[in-house]
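Going down the list, the protein sequences come from chains S and W.
Its first residue numbered 1, the first sequence is counted upward by one per residue in my numbering.
Its first residue numbered 1, the second sequence is counted upward by one per residue in my numbering.
These are calculated hints, taken from the structure and not from any lab test.
Cβ atoms here follow ideal geometry from the backbone N, Cα and C, with glycine treated the same way.
One thing to keep in mind: the hints can contain errors.
Heads up, incomplete: computed chain S residues facing chain W, CB under 7 Å, no partners named [to be verified]: (1) G8; (2) R12; (3) W29.
27 Å max Cα-Cα, derived BS3-like pairs, lysine-lysine [claimed, not checked]: (4) S:K38 to W:K74; (5) W:K46 to S:K45; (6) S:K70 to S:K87; (7) S:K38 to W:K50; (8) W:K76 to S:K46; (9) W:K46 to S:K44; (10) S:K44 to W:K113; (11) S:K46 to W:K79; (12) W:K155 to W:K178; (13) S:K34 to W:K46; (14) S:K34 to W:K79; (15) W:K50 to S:K30; (16) W:K76 to S:K38; (17) S:K81 to S:K70; (18) W:K50 to S:K46; (19) W:K76 to S:K34; (20) W:K178 to S:K2; (21) S:K96 to S:K113; (22) W:K155 to S:K38; (23) S:K30 to W:K46; (24) W:K236 to S:K34.
These are the residues of each chain, in order.
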Amino acid sequence: MKIFEAFGLDWRILIAQLINFAILFFILWKFAYKPMFKILDERKKKIETGLNYAARAEEKLKEIGEEEKKTMVAAKKEAAKFMEEAKKEAEESRKKQIEKTKEEIGQLINQEKENMRLEKAEVLASINREVAELVALTVEKVIEEKMSGQKDEELIKKAISKLK
Amino acid sequence: MKLDISLSPEAVFHLGSLPITNSFLLMIFVTLFLIVGAIWLSRNVKLAPKGFQNAVELIFEGALDFVDTIMNDKDKTRKVFPFVFSLFIYILVANLVNFIPGQAALTINEGGKFVPVLRGVMADYGMVLVLTIISFVTVQVVGIMSFGPFGHLGKFINFSNPMNFFVGILELVGEFAKILSLSFRLFGNIFAGEVLLSVFLFLFPFILPLPFMVLELGTALIQAFVFSVLTLVFIKMAGEKAEGH
Numbered sequence: 001m002k003i004f005e006a007f008g009l010d011w012r013i014l015i016a017q018l019i020n021f022a023i024l025f026f027i028l029w030k031f032a033y034k035p036m037f038k039i040l041d042e043r044k045k046k047i048e049t050g051l052n053y054a055a056r057a058e059e060k061l062k063e064i065g066e067e068e069k070k071t072m073v074a075a076k077k078e079a080a081k082f083m084e085e086a087k088k089e090a091e092e093s094r095k096k097q098i099e100k101t102k103e104e105i106g107q108l109i110n111q112e113k114e115n116m117r118l119e120k121a122e123v124l125a126s127i128n129r130e131v132a133e134l135v136a137l138t139v140e141k142v143i144e145e146k147m148s149g150q151k152d153e154e155l156i157k158k159a160i161s162k163l164k
Numbered sequence: 001m002k003l004d005i006s007l008s009p010e011a012v013f014h015l016g017s018l019p020i021t022n023s024f025l026l027m028i029f030v031t032l033f034l035i036v037g038a039i040w041l042s043r044n045v046k047l048a049p050k051g052f053q054n055a056v057e058l059i060f061e062g063a064l065d066f067v068d069t070i071m072n073d074k075d076k077t078r079k080v081f082p083f084v085f086s087l088f089i090y091i092l093v094a095n096l097v098n099f100i101p102g103q104a105a106l107t108i109n110e111g112g113k114f115v116p117v118l119r120g121v122m123a124d125y126g127m128v129l130v131l132t133i134i135s136f137v138t139v140q141v142v143g144i145m146s147f148g149p150f151g152h153l154g155k156f157i158n159f160s161n162p163m164n165f166f167v168g169i170l171e172l173v174g175e176f177a178k179i180l181s182l183s184f185r186l187f188g189n190i191f192a193g194e195v196l197l198s199v200f201l202f203l204f205p206f207i208l209p210l211p212f213m214v215l216e217l218g219t220a221l222i223q224a225f226v227f228s229v230l231t232l233v234f235i236k237m238a239g240e241k242a243e244g245h
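Extracted from the complex, chain S is given alone in its bound form:
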């Protein structure tokens, strides 16, 4: 064909060119595309896992932070409760102590009062006795004539009660 001649087409050269391109394609495929695809996939996977890890780490960190906060809050609450309780207890024990002391003081005072009363009564009794003796003596001395003991005492007692 004339057009084939004009373009210088020779089927042997065409086949050679075809084979040439086939070889080129094969080698490019084997040595360029395959390793490139592999490396792209590998890198993509690596980046994905890296990102995953990062996301998970962040989540974990957040969780830990929250937990920490919670724990802190709980600890604070507990501490506050303890403080309150301790305060209450201290207050109560103080109140009790005061009451007890008051009671003790009251008791002491009562006892002292009782003691004083008893003492007073004793003193009064002894005074009475002494006065009676004294009067008896005096009267004895005044009245030399001695009466019978019983009568005498009766008389004296009467006199004293009249004095009173």
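The hints should help you fit chain W onto chain S, whose structure is shown.
Chain W alone, transformed into the frame defined by chain S:
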């Protein structure tokens, strides 16, 4: 001095009866360059890239993302990408190699005619045709794999009603027109660029060709891109149900 422009690549020497053309020679160099580059790369790829690998990965990933925007399917992208990107990088390197200066000076006297030893790979219609046919066959294979041989054929030959039949015939013609449009677009652009530059170099070799060289650099990139992306789009279209016709 005479400006000699040849539409067809010329034989530099013969291997037995097989003529080794100047574009074929350059094609060998380009292929070797890419193969060496690929092997060197595979020896040196690391998970943590640096230097050259970084640049390669940037281009690679950018291209992969771009293909994915068209395919909209990660698995399909992985399958199609090696082929499309091979086309792209091969055409691109083949086009860019033309700009290494000094090639035009390498000539050989073949029967009283000065034949350049090297010629743009894509300025050889045979090479472009081979690439186009590879692309075309790939598209058909994708179509057959997606819809089965009869399903795929049914897109073009459809007797369900006259309208569909006519559309099918149009599609069939369009399918083969793709070969022509794809191949002549690439070949035409690159060959025209070479002719333009050689004409300017012939007329006035200083400064004047520079802006056109810049334009041709753009063409080299754009044509490599267009060829591979069109192939990609055809593959994508072949894998989808024809709708809205």
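We went through each hint and held it up to the structure:
no.	hint	result
1	G8	2 Å, holds
2	R12	5 Å, holds
3	W29	5 Å, holds
4	S:K38 to W:K74	14 Å, holds
5	W:K46 to S:K45	15 Å, holds
6	S:K70 to S:K87	25 Å, holds
7	S:K38 to W:K50	17 Å, holds
8	W:K76 to S:K46	23 Å, holds
9	W:K46 to S:K44	14 Å, holds
10	S:K44 to W:K113	58 Å, violated
11	S:K46 to W:K79	23 Å, holds
12	W:K155 to W:K178	16 Å, holds
13	S:K34 to W:K46	13 Å, holds
14	S:K34 to W:K79	11 Å, holds
15	W:K50 to S:K30	22 Å, holds
16	W:K76 to S:K38	16 Å, holds
17	S:K81 to S:K70	16 Å, holds
18	W:K50 to S:K46	17 Å, holds
19	W:K76 to S:K34	15 Å, holds
20	W:K178 to S:K2	22 Å, holds
21	S:K96 to S:K113	25 Å, holds
22	W:K155 to S:K38	37 Å, violated
23	S:K30 to W:K46	16 Å, holds
24	W:K236 to S:K34	22 Å, holds
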